[in-house]
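Let's have the full structure, built from the sequences with the hints guiding it.
Protein chains: 2
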Amino acid sequence: MSAKDRLIYLPLGGAGEIGMNCYVYGYGPAGKERLIVVDLGVTFPDMDTTPGVDLIMADTTWLQENAGRIDAIFITHAHEDHIGALGLLWHLLKAPVYARAFTGAIAKLKMEEKGQPLDAIRVVKPRPETIEAGPFRVQFVPVSHSIPESSALVIDTPAGRIVHSGDFKLDGTPIVGEPFDPEEWHAIAREGNGVKVLACDSTNVFSPHPGRSEVTLAGPLSELIAAQQGMVVATTFASNVARLKTLAEAGRAAGRSVCMLGRAMKKMITAAVETGVLTDFPAIIQPEEAVEVPRGNLMLIVTGSQGERRAASAALSRGKYLGLEMKEGDTFLFSSKTIPGNERGVIRIMNAYSEIGVDVIDDRGGLYHVSGHANRPDLEAVHDLLNPKILLPMHGEHRHLREHCNIAISKGIAAELATNGSVVDLTGNEPEVVEYIEAGRTYLDGTVLIGAMDGVVRDRIRMALNGHVLVTLILDEEDQPLGEAWVETMGLPERTGNGAALIELLEVDLDEYLGNAADKVLRDDGKIEEAMKRIVRQVAMEAVGKKPEVTVVTSRLVAD
Amino acid sequence: MSAKDRLIYLPLGGAGEIGMNCYVYGYGPAGKERLIVVDLGVTFPDMDTTPGVDLIMADTTWLQENAGRIDAIFITHAHEDHIGALGLLWHLLKAPVYARAFTGAIAKLKMEEKGQPLDAIRVVKPRPETIEAGPFRVQFVPVSHSIPESSALVIDTPAGRIVHSGDFKLDGTPIVGEPFDPEEWHAIAREGNGVKVLACDSTNVFSPHPGRSEVTLAGPLSELIAAQQGMVVATTFASNVARLKTLAEAGRAAGRSVCMLGRAMKKMITAAVETGVLTDFPAIIQPEEAVEVPRGNLMLIVTGSQGERRAASAALSRGKYLGLEMKEGDTFLFSSKTIPGNERGVIRIMNAYSEIGVDVIDDRGGLYHVSGHANRPDLEAVHDLLNPKILLPMHGEHRHLREHCNIAISKGIAAELATNGSVVDLTGNEPEVVEYIEAGRTYLDGTVLIGAMDGVVRDRIRMALNGHVLVTLILDEEDQPLGEAWVETMGLPERTGNGAALIELLEVDLDEYLGNAADKVLRDDGKIEEAMKRIVRQVAMEAVGKKPEVTVVTSRLVAD
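Heads up: the protein sequence lines correspond to chains A and B, in order.
By the working numbering, the letter at position 446 of the first sequence is numbered 446, and the numbering carries on one by one without gaps.
By the working numbering, the letter at position 177 of the second sequence is numbered 177, and the numbering carries on one by one without gaps.
Hints were generated in silico from the structure; no laboratory data involved.
Please note that the accuracy of each hint is not assured.
For identical chains, the list gives no copy identity; a pair is met inside one copy or between any two copies.
[To be verified] Taking lysine-lysine pairs in the DSS-like style, the calculated list, with each CA pair at most 30 Å apart, reads:
| id | residue 1 | residue 2 |
| --- | --- | --- |
| 1 | 32 | 520 |
| 2 | 267 | 547 |
| 3 | 114 | 547 |
| 4 | 547 | 320 |
| 5 | 547 | 245 |
All values reported here derive from a predicted model rather than from experimental measurement.
Laid out in structure tokens, this is it:
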């Protein structure tokens with residue numbers, strides 16, 4: 001380690017939100033560090049802030065500018081908020097991508113979808129296998145989570161050892177995937193100089209009780225399913241392969257044939273089977289077989305636990321789907337939690353089922369779902385186990401990161417609340433924010449990547465709130481209005497409270513303005529358009545109480 | 001009671017949602033019943049389904065068509081979902097409005113705001129005072145809720161007694177307002193032939209434990225506030241006068257000066273004091289005095305418990321508000337629950353406070369808020385107390401109404417899940433749905449009332465999701481294009497993934513089309529516009545992956 005070298009941490013996504021994880025570590029002379037990237041995830045749009053957007057991911061402008069310094073990309077696990085942007089962003093970074101077998105299989109699907117080279121994906125085994133990436137030596141450490149083969153990373157650098165937790169919980173009996181192994185973590189903490197930095201999942205820092213194991217669900221789910229008379233339909237996160245197995249086994253134990261609906265689920269099961277993660281999944285039947293099974297002997301496992309309009313759960317709430325239909329006396333089970341912000345969608349489905357006469361069971365009692373993230377006491381246990389000098393809370397909103405920092409500081413661990421864009425120098429004994437870089441968001445909008453600040457989405461929100469008025473005006477060769485201004489509206493009431501036609505009110509005032517406009521105004525497109533916009537907004541405000549967006553198109557006839 | 005007379009119930013809002021309550025009862029010959037209306041409430045818009053809308057209320061078309069048959073409007077209490085549409089809709093119905101003093105005071109404010117006559121409001125006393133309205137004799141019965149003077153209605157008709165519960169809980173110690181009085185309810189059940197119909201609040205039917213009293217909060221709130229070092233800011237629903245009092249008293253007991261921020265709160269306190277409901281509210285100071293008070297001796301009570309962007313809670317999270325500012329070490333308390341759908345807004349404020357270093361305390365522990373609605377065991381207690389022949393569950397989503405019906409049926413009470421628009425005949429011993437009327441929603445959009453199905457909001461949602469393309473084309477006196485088509489876009493990416501300009505791609509294809517278009521197409525505005533729309537959508541889909549909304553304006557020059 002040269003005196004001028006430094007070790008840095010730079011979150012680009014995930015530090016200040018739960019979603020779009022993307023973390024950078026660097027080592028080397030300041031501004032010339034060699035870099036590794038951990039995770040390239042997405043987050044999901046909503047109508048409030050990102051109408052019409054398809055996916056949201058970290059802004060990689062800084063990484064692109066420094067692409068030549070990137071030695072590797074590591075993907076900790078195959079959840080969308082960690083892997084979802086890989087196919088969309090890889091061509092901008094072009095570094096080798098390391099992942100374990102199951103994650104690698106999903107990574108290849110992501111790359112294939114976007115026409116990216118599959119050989120960029122390097123499948124690796126867990127520790128002790130070690131990836132050399134510039135000055136970094138990286139090992140994957142199995143952790144338990146709600147998807148198979150989730151991993152923490154042990155990142156050795158000349159300035160010390162970093163443990164990047166990824167998403168994890170402490171589960172000794174996770175059904176599918178590796179159990180939490182305290183021995184392994186003890187070893188990681190004891191080797192060499194121990195752990196300098198722990199970058200740690202903060203999702204459940206506000207959950208006060210120790211987390212529960214996946215295995216605790218088997219009993220309650222089996223009892224519940226066995227007790228039902230009609231068809232049982234259960235939903236959970238598509239990637240929760242352990243839960244899918246528990247649900248399917250509970251169904252089979254209750255003498256039911258099990259059928260799975262939803263592409264995302266099938267993709268995950270296939271990848272899990274092909275990579276050897278899943279070896280003894282119960283037999284399942286196809287929808288065309290399921291339609292022949294008496295409903296009391298049938299169980300469906302379906303996508304759409306968050307109320308997604310296009311998923312199987314929503315399709316079934318609207319009527320027949322692949323020949324299958326829910327009826328009065330059937331049961332629908334959410335073996336999942338509702339992610340904040342998705343409440344309306346989930347409630348919409350619950351009410352749609354209520355209208356059919358289907359009993360809906362959700363996780364209010366805590367019997368049918370456990371979280372995949374470490375709760376507060378579990379986080380404290382990991383702090384104690386790894387005994388890091390520095391804690392970097394990640395994978396959380398600001399309030400989660402702050403709480404996690406406070407826990408660490410109360411135990412004498414140095415902690416830094418570094419949000420997206422903070423460059424943190426980790427070389428010394430105390431973390432220090434040395435720089436802030438622009439760290440915004442990139443949207444996949446249709447098939448195009450746009451910046452969150454490009455104004456495209458802002459304009460869509462404005463049209464949604466205010467409506468849109470179009471004014472067209474033709475001016476003749478002498479710059480005089482040819483006929484009258486023509487107005488069209490979209491997303492505005494046709495008539496005022498008094499019954500007057502809004503378009504007519506607008507046209508009358510525009511024509512009055514044009515009739516009196518000075519010649520020099522009429523010769524100036526900018527001035528006419530500005531004046532007409534002002535008039536439209538003013539008249540609309542008086543007439544219907546809204547200030548619409550306005551587009552004015554002025555056409556001029558030119559003398560031949 | 002003539003053999004041809006019938007008693008009917010017709011919910012127009014509130015039966016199938018929590019919000020925009022509006023219930024109609026009728027008595028008389030079929031189709032000629034005299035009518036009373038109970039409540040005229042609003043519900044609130046969201047970006048997902050109602051962008052740009054200001055308020056949502058029941059569609060009163062049917063009531064307007066039958067306005068001559070309406071003998072009275074009764075308002076049970078002054079929550080927005082029961083009274084919010086009064087000023088907006090009264091001029092369409094024009095019947096006398098009966099309410100108790102506090103509710104009447106708020107009703108007058110609503111009428112005044114919209115220029116409606118204040119003398120339409122008739123302030124009445126609770127039972128035994130009786131309002132004669134056509135064939136109905138109506139009494140207000142005090143119930144406990146989260147606003148002063150909430151009332152149930154006892155509605156006597158020639159066909160029997162109806163109890164319309166309004167919003168209520170069973171609280172013997174509600175701090176402000178009348179306690180639950182089982183003796184009174186016993187009397188109501190015993191008089192005459194007892195209760196034929198109970199139309200009953202269903203909000204908390206899924207809450208399994210008996211509800212807690214408002215008085216249980218005083219201890220925990222006092223302890224919490226006394227324990228804080230910095231400024232304490234608490235928020236709750238503006239109309240929860242009892243909570244405001246408890247909070248203010250806890251602040252005063254901790255030696256703090258108390259200041260209230262937010263117009264809605266002041267309006268409620270003023271009405272409560274002026275109508276004698278509130279007699280001993282602690283002294284409060286004004287913001288200009290509060291700025292002089294050391295922060296450890298200050299408590300603010302503010303509006304915005306649902307994360308509303310314009311409320312005091314949000315303003316304080318963004319910086320200085322009325323000279324007051326939150327700082328590191330201060331505490332912000334949500335003495336409220338987050339209504340489903342408002343999670344994002346509340347979490348946004350929590351994170352904004354976290355960034356300032358303010359500790360946020362919410363009601364996760366159940367210590368600092370109690371609900372204003374009867375829980376499942378409380379509902380069952382009321383069923384037992386009133387012993388109705390028929391239960392009509394109201395004030396709930398479909399799933400709440402269904403659950404409430406199931407409870408009643410399991411006890412041998414006839415129940416009907418009647419959603420908005422169902423006309424229920426209550427004349428016999430079993431309720432019977434005899435008709436469905438159109439029962440939609442009306443939007444206040446700016447200053448205009450529009451129908452939910454008018455297409456205005458649909459167009460706004462489409463523009464928000466897909467963007468908007470404008471095409472203008474001028475055709476000369478011979479119906480030939482004069483120059484080229486001109487394209488403008490709003491809410492669409494400027495460039496494709498390959499860097500091509502979207503507008504240019506659109507113009508090239510449109511011009512190619514126009515160059516080849518047959519004369520008979522060029523003479524037909526409809527045909528040209530249809531073709532150009534198709535081209536724009538197709539080209540945009542290929543270029544940027546979105547199918548935008550398209551407006552085409554064709555102008556034709558006419559020979560002089």
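Here's how the hints hold up against the structure:
Proximity of residue 32 and residue 520 under a CA criterion of 30 Å is satisfied in neither setting, with 57 Å inside one chain copy and 67 Å between copies. Within a single copy, residue 267 and residue 547 get their C-alpha atoms only as close as 48 Å, which misses the 30 Å cut-off; across copies the closest is 29 Å, which meets it. For the homomeric pair residue 114 and residue 547, the shortest alpha-carbon distance between copies (21 Å) is at most 30 Å, but the shortest distance inside one copy (41 Å) is not. In this homomeric assembly, residue 547 and residue 320 come within 30 Å of each other (Cα to Cα) only across copies, at 28 Å, whereas the closest approach inside a single copy is 44 Å.
For the identical chains of this complex, residue 547 and residue 245 are neighbours neither inside a copy (55 Å) nor across copies (40 Å), given an alpha-carbon limit of 30 Å.
Consistency note: the structure conflicts with the earlier hints numbered 1, 5.
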